[in-house]
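Each chain, letter by letter, is given below.
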Amino acid sequence: MTQPLIEIKSVCRNYMDNTQKEIYALENINLHINEGEFMSFVGPSGCGKTTLLRLIAGLDRPQSGTISQEGKILTDTHYSRGYVFQQPTLFPWLTIEENIALGLKARKLFDNSKKALIQYYIDMIGLTKFEKAFPHELSGGMAQRAAIVRALINDPKILLLDEPLAALDAFARIDLQKLLLFIWHKTKKTMVMVTHDIDEAIFLSQQIVVMSDRPGKIIEILDINLGKDRKRSDHKFIAIKDKIISKLKLSSHNRIEPEYVI
Amino acid sequence: MTKTSKTQSTKALPQDERYWKPKTSLWFWATEASFIAGVLINLYIPDEVTINPHSYRILLGGAIVLLLVFYIVSKQNTAFANKFYHRLEFIFAIGVFMAVWDILTTKTSFLPLPYFPGLAQIIGIMVEDRALLLLSAGHSFLLFSLGMVLGTFFGLLSGIATGWSRQWDYWLSPIIRVSGIIPAIVWLPIALVLFPTSFTAGVFLIVIASWFPVTSMTASGIISTPKTYFEIAKTLGASKKFQLFRIAVPYAMPNIFIGILTAVAFSFVTLIVSEMVGAKAGLGYYINWAKGWGAYDKMYAAIIIIAAEFSLILALVGAIRSYVLRWQRGILK
Ligand SMILES: Nc1ncnc2c1ncn2[C@@H]1O[C@H](COP(=O)(O)OP(=O)(O)OP(=O)(O)O)[C@@H](O)[C@H]1O
Ligand SMILES: [Mg+2]
Chain A
287 MTQPLIEIKS VCRNYMDNTQ KEIYALENIN LHINEGEFMS FVGPSGCGKT TLLRLIAGLD
347 RPQSGTISQE GKILTDTHYS RGYVFQQPTL FPWLTIEENI ALGLKARKLF DNSKKALIQY
407 YIDMIGLTKF EKAFPHELSG GMAQRAAIVR ALINDPKILL LDEPLAALDA FARIDLQKLL
467 LFIWHKTKKT MVMVTHDIDE AIFLSQQIVV MSDRPGKIIE ILDINLGKDR KRSDHKFIAI
527 KDKIISKLKL SSHNRIEPEY VI
Chain B
4 MTKTSKTQST KALPQDERYW KPKTSLWFWA TEASFIAGVL INLYIPDEVT INPHSYRILL
64 GGAIVLLLVF YIVSKQNTAF ANKFYHRLEF IFAIGVFMAV WDILTTKTSF LPLPYFPGLA
124 QIIGIMVEDR ALLLLSAGHS FLLFSLGMVL GTFFGLLSGI ATGWSRQWDY WLSPIIRVSG
184 IIPAIVWLPI ALVLFPTSFT AGVFLIVIAS WFPVTSMTAS GIISTPKTYF EIAKTLGASK
244 KFQLFRIAVP YAMPNIFIGI LTAVAFSFVT LIVSEMVGAK AGLGYYINWA KGWGAYDKMY
304 AAIIIIAAEF SLILALVGAI RSYVLRWQRG ILK
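Quick mapping for you: the protein sequence lines, in order, are chains A and B. Adding 286 to a residue's 1-based position in the first sequence gives its number in our numbering. Adding 3 to a residue's 1-based position in the second sequence gives its number in our numbering.
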């Protein structure tokens, strides 16, 4: 068996709340992420999805257990692991092209020969003519597209996305789902996405990691074998969705989870 | 007017909000009339005080011609016309004020001399004493800009250091806080002893006056940089140095400019007071010297020069600010 790109071994992460009580955000997480895979995390709010994604990015460290990339244990962030936040958070003082070029500038790799690459990405996300615009001149969807491409400029091995589409309206969301699929097919990059939207997870992913309520544990890892062209009305699609919903209901201590009721 | 506001697309609306005064030629003619009245009053009412009204008349004449030029330009250029018409009422008031002032002083001696000289007298003195006034203005400007540039530079250094590093913050913050509340000018006696010339002492005081606001605003700007900004930069491969100079400092820029503008105001006060007390040159010194001779007309002349010089400096700083912060256009009103 080939080595997974990311290997998570018995990872725990606790937080102290303000009364110094421990909150178990993640408990004994074991997970392999293989190269080229599109994986989604779904689970109730507060179950530790963001925590897990931040651990993989190196923005946070586990209390126990290890996370390694190609056999090497992670200790810090690295440009080979790109990260996209829920809010686009482009830097307001940089133009769109400067925002996108930032990764190259940070690594001192930016020169005139890179301009064509930047332009390629700008054209790809349909922001031609907005190169010199400042972020506040963009809509939420446009800004998030720019933020995704900004994370791609360093050609990372893995792209980590924390509910990247949650702040968008339905149209922009569908647009961006297509963009993510396009990027994934084109670059064959490993992608890991957190989402609240089960439809979205099934529509995009090869694997869905279903997580339980606090303390966050992995309940099940589902392989989605639906092929390239997925229809939300397909009966297989619906069957998978029902399965995920029932898993989530079992884990949620009979709490009503309105966001999963369709 | 309705026609132009229709043809001017999106840009016309904010223009109208900004320049909201009625756009009628009536105010133009009223303004011209007020300045012409000023000339006639000066020409035909006999003087109570012996002065040389020549420069004053040239000034009024110049104003009349300039207004006419603006009027003609405003017929061609709508953007200019908007601004011009908006300000006309105020310019009209200036014209009336000048005429009334002339009557109350030079023409009737209603206001007591030498404390309230006529404008004609002040303008006359300004022209007569122009060499010394220019020299003083230049001297003040040199003192101010040297002090401001150095003070801003040191302020940026200490502000970045305290905003970025806990260690620097621990050692510098108490010193900054204590020294910040002491007005810079109180160090004047010590500065005059410590420094070889009154000029260098003045520079020192302005450095202190400008250093504090720049330091504290820079530090608070850097400290308040959102954590996600650093996290994004880190995942993009940014070093600590990059995070400081390419993320935190640009983020702090609006704050830094608030600090610089405060520093400019502090420095104006420090400049004039230090020149009045310690120096042998500059506009502050000129005022003090004129007062010593009872030459209030010279004092007013110097005050007008100070107002003009400081306005120019503020405009310059404002221009630099709006260039550096051009990304804010559209975010803020
Ligand atoms: N910095 C922190 N300090 C203290 N507690 C935290 C911190 N970050 C997260 N937590 C806690 O850890 C738990 C998991 O949080 P996390 O943000 O990972 O959840 P999530 O699954 O991403 O939720 P959501 O779907 O709402 O985004 C929550 O109970 C949260 O209160
Ligand atoms: Mg989250």
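No lab work stands behind these hints: they were computed from the structure. Computed from a predicted model, the values in this text were never measured in an experiment. Warning: the hint list may mix true and false statements.
Simulated restraints on C-beta separations [what the hints assert, rightly or not]:
1. A:Phe457 - B:Ile334: 21 to 27 Å
2. A:Lys522 - B:Ile334: 44 to 50 Å
3. A:Thr414 - B:Val272: 49 to 55 Å
C-beta: ideal position from N, C-alpha, C; glycine also.
How the hints compare with the structure:
no., hint, verdict
1, A:Phe457 - B:Ile334: 21 to 27 Å, "25 Å, holds"
2, A:Lys522 - B:Ile334: 44 to 50 Å, "48 Å, holds"
3, A:Thr414 - B:Val272: 49 to 55 Å, "52 Å, holds"
Of the numbered hints stated above, none is contradicted by the structure.
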